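*Asks:* Next come the chains, spelled out residue by residue.
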Amino acid sequence: MRKIAVKTITETISQLCAQANFQLRKDVLAALNSTYRKETNARAKRMLKAIIDNAQIARREKLAICQDTGLPVVFVELGQNAQIIGDLKQAINKGIELGYKKASLRNSVIADPLSRGKSRFSPVVIHIDLVKGNKLKLTVLPKGFGCENKSLMKMFNPTVGIDAVKKFIVDAVKTAGPDACPPYVVGIGIGGTADTANLLAKKALLRQINKHHAQKRIRVLEKELLSKINKLNIGPMGLDGKTTALAVNIETYPTHIAGLPVAVNISCHALRSATKVL
Amino acid sequence: MRRILTPLNKEIIGKLKAGEEVLLTGTIYTARDQAHKRLVKEISKRKNLIKNQIIYYCGPTNTPRGKVIGSAGPTTSSRMDEFTPKLLSVGLIAMIGKGNRSKEVRQVIKKHKAIYFLAPAGCGALLSKKIKAQKLIAYKDLGPEAIYELKVKDFPLIVGIDSKGRSIDDISYGARRAT
Numbered sequence: 001m002r003k004i005a006v007k008t009i010t011e012t013i014s015q016l017c018a019q020a021n022f023q024l025r026k027d028v029l030a031a032l033n034s035t036y037r038k039e040t041n042a043r044a045k046r047m048l049k050a051i052i053d054n055a056q057i058a059r060r061e062k063l064a065i066c067q068d069t070g071l072p073v074v075f076v077e078l079g080q081n082a083q084i085i086g087d088l089k090q091a092i093n094k095g096i097e098l099g100y101k102k103a104s105l106r107n108s109v110i111a112d113p114l115s116r117g118k119s120r121f122s123p124v125v126i127h128i129d130l131v132k133g134n135k136l137k138l139t140v141l142p143k144g145f146g147c148e149n150k151s152l153m154k155m156f157n158p159t160v161g162i163d164a165v166k167k168f169i170v171d172a173v174k175t176a177g178p179d180a181c182p183p184y185v186v187g188i189g190i191g192g193t194a195d196t197a198n199l200l201a202k203k204a205l206l207r208q209i210n211k212h213h214a215q216k217r218i219r220v221l222e223k224e225l226l227s228k229i230n231k232l233n234i235g236p237m238g239l240d241g242k243t244t245a246l247a248v249n250i251e252t253y254p255t256h257i258a259g260l261p262v263a264v265n266i267s268c269h270a271l272r273s274a275t276k277v278l
Numbered sequence: 001m002r003r004i005l006t007p008l009n010k011e012i013i014g015k016l017k018a019g020e021e022v023l024l025t026g027t028i029y030t031a032r033d034q035a036h037k038r039l040v041k042e043i044s045k046r047k048n049l050i051k052n053q054i055i056y057y058c059g060p061t062n063t064p065r066g067k068v069i070g071s072a073g074p075t076t077s078s079r080m081d082e083f084t085p086k087l088l089s090v091g092l093i094a095m096i097g098k099g100n101r102s103k104e105v106r107q108v109i110k111k112h113k114a115i116y117f118l119a120p121a122g123c124g125a126l127l128s129k130k131i132k133a134q135k136l137i138a139y140k141d142l143g144p145e146a147i148y149e150l151k152v153k154d155f156p157l158i159v160g161i162d163s164k165g166r167s168i169d170d171i172s173y174g175a176r177r178a179t
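These protein sequence lines are chains P and S, in that order. In terms of my numbering, the first sequence opens at residue 1 and continues consecutively. In terms of my numbering, the second sequence opens at residue 1 and continues consecutively.
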């Protein structure tokens, strides 16, 4: 049994906070640069330029890409042959607090969703998966709420046609309109129970946006949805243009004979995440 | 590109058209969800803070050592829609944010000859470079949601809804109009 001390986990999480918030993901930056070259609408081009400049300033000056440094979502893949010495969740929350304070990020977490109260850095949302092996994979996804507020999910009848599913997804982007900082990355979760679909939609945002799904059928669907969404003419910052989304990432899971859950989790153009394997 | 200075007045605002890009220099005040809720509750006490002023829907990050302010971009304006008519009724002259406003807000903007600006969304690092000073004004306990006075120079804005009630949606052919 490989032993991993919680101190190492806290330090790693702390570093990932700064990395995720200061350095825009390479795949996202590459997609922005590529759409900047292709965009023909003059204002849309200027807006994309501002987004790219913003990412450069953030990286160079160690400033948050966006002031909404999110409700940090931490994904843990724990190898079943690894043993954590200490309290894992406490170590993660401590790492977030240290990392966010040190990097001067924003304390956007409130302890009680109804009575609200003072905002702080933790507790964050933690998802833990048990996997094969003896490694520990940690991912920090600072999810801003401008886009999180546009999340949608629907429990379809199992007999519904694929066109209804496509329409639901495109309409979800249409409803988000200019509000959630387009160009978007659209995460889609299909299958499982309601909670599975929502989690898959969020996890879909972690996949590199230049990599399509392994299954051909899903790959085709991703491309078709992206093309449909980019015909909405919402454009960068909602001021028109070809670039409404940079990518559509779909993840699926088996489901029940009676249902077809579909969840949409939109990310703004500042799709931030950082991962380290221990 | 037109440069405008604070304090803004109806004459300056009257010249600006939906869709136009401007650079703003002067003083603006941050306020978002919780600050709006409080401002509206204490409206009679807070009139002087609001009259003829500009509210920026923004909750900046903490300030890094050696910097004027941290990342400081706009937040989604529509969450403030329910409070906006009250603030406009006591003389708020302009708002800065991102995204669409309700039909009601658009009408009230027209009624009071006020204005709604869009700031580049998701560009908080870039916008922080245009902020030259910050000072806490009210509601310290709200942390990032407190009211801060910001001195800005050449802050880039686009007119979202002008004083005649024309919206950028009218000249934009995208899904903005359909939603």
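Calculated from the structure, these hints are not laboratory results. Given the structure is predicted, the values throughout are model-derived calculations rather than measurements. Each hint should be verified, as a subset may be incorrect.
For lysine-lysine, the following DSBU-like pairs were computed, each having C-alpha atoms within a straight-line distance of at most 30 Å [claimed, not checked]:
1) P/Lys62 - P/Lys231
2) P/Lys3 - P/Lys118
3) P/Lys26 - S/Lys164
4) P/Lys101 - S/Lys140
5) P/Lys231 - S/Lys86
6) S/Lys110 - S/Lys67
7) P/Lys223 - P/Lys154
8) P/Lys242 - S/Lys86
9) P/Lys26 - S/Lys86
10) P/Lys118 - S/Lys164
11) P/Lys166 - P/Lys118
12) S/Lys140 - S/Lys15
13) P/Lys49 - S/Lys67
14) S/Lys15 - P/Lys118
15) P/Lys62 - S/Lys15
16) P/Lys216 - P/Lys49
17) S/Lys17 - P/Lys231
Going by beta-carbon spacing under 8 Å, a handful of chain S positions derived as facing chain P [to be verified]:
18) Asn52
19) Gly73
20) Thr75
21) Ser78
22) Ser128
23) Lys129
24) Ala133
25) Tyr139
26) Ala146
27) Gly165
Even glycine gets a Cβ: it sits at the ideal position worked out from N, Cα and C.
*Asks:* Hint by hint, say whether it matches the structure.
*Replies:* Verification of the hints:
Restraint check: the Cα-Cα separation between P/Lys62 and P/Lys231 comes to about 36 Å, which exceeds 30 Å; the hinted pair is violated. At most 30 Å may separate the alpha-carbon atoms for a hinted pair to count; P/Lys3 and P/Lys118 exceed this at roughly 37 Å. The straight-line distance between the Cα atoms of P/Lys26 and S/Lys164 is roughly 43 Å, outside the 30 Å bound, and the hint therefore fails. Distance hint between P/Lys101 and S/Lys140 is fulfilled; the C-alpha atoms sit about 18 Å from each other, no more than 30 Å.
The hinted pair formed by P/Lys231 and S/Lys86 fails the criterion: a straight-line CA distance of about 38 Å is larger than 30 Å. For the suggested pair S/Lys110 and S/Lys67, the alpha carbons sit about 38 Å apart, so the restraint of at most 30 Å is broken. In summary, the hint linking P/Lys223 to P/Lys154 is supported, as the alpha carbons are separated by about 21 Å, within the 30 Å threshold. With a C-alpha separation of about 38 Å, the suggested pairing of P/Lys242 with S/Lys86 is violated against the 30 Å cut-off.
Distance check on the hinted pair: P/Lys26 and S/Lys86 sit about 44 Å apart at the alpha-carbon level, beyond 30 Å; violated. The hinted pair formed by P/Lys118 and S/Lys164 fails the criterion: a straight-line CA distance of about 39 Å is larger than 30 Å. Between P/Lys166 and P/Lys118 the CA atoms are separated by roughly 41 Å; this puts the pair beyond 30 Å, and the hint is violated. The straight-line distance between the Cα atoms of S/Lys140 and S/Lys15 is roughly 36 Å, outside the 30 Å bound, and the hint therefore fails.
Distance check on the hinted pair: P/Lys49 and S/Lys67 sit about 24 Å apart at the alpha-carbon level, within 30 Å; holds. Using a Cα cut-off of 30 Å, the hinted pair S/Lys15 and P/Lys118 is violated, with the two alpha carbons roughly 42 Å apart. The suggested pairing of P/Lys62 with S/Lys15 is violated, with an alpha-carbon distance near 39 Å, which exceeds 30 Å. Under the criterion of a C-alpha separation no larger than 30 Å, the hint pairing P/Lys216 with P/Lys49 is inconsistent with the structure, at around 34 Å.
As the CA atoms of S/Lys17 and P/Lys231 are separated by approximately 27 Å, the hinted pair is consistent with the 30 Å bound. A cut of 8 Å between beta carbons decides the hint on S/Asn52: the least distance to chain P is about 26 Å, and the hint is violated. Proximity of S/Gly73 to chain P holds as hinted, the smallest CB-CB distance being about 5 Å (cut-off 8 Å). Evaluation of the S/Thr75 hint against chain P yields a held restraint, the C-beta minimum of about 6 Å falling below 8 Å.
A cut of 8 Å between beta carbons decides the hint on S/Ser78: the least distance to chain P is about 6 Å, and the hint holds. With its C-beta approaching chain P no nearer than about 6 Å, S/Ser128 sits inside the 8 Å limit, and its interface hint holds. Interface restraint check for S/Lys129: the shortest CB-CB distance to chain P comes to about 7 Å, inside 8 Å, so the restraint holds. Interface restraint check: S/Ala133 against chain P, minimum CB-CB distance 17 Å, threshold 8 Å, status violated.
Annotation: interface hint on S/Tyr139 violated; nearest CB of chain P at approximately 12 Å, more than 8 Å. The restraint placing S/Ala146 at the interface with chain P is violated, with a minimum CB-CB distance near 10 Å, outside the 8 Å limit. With a least beta-carbon distance of about 18 Å to chain P, the hint placing S/Gly165 at the interface is violated under the 8 Å criterion.
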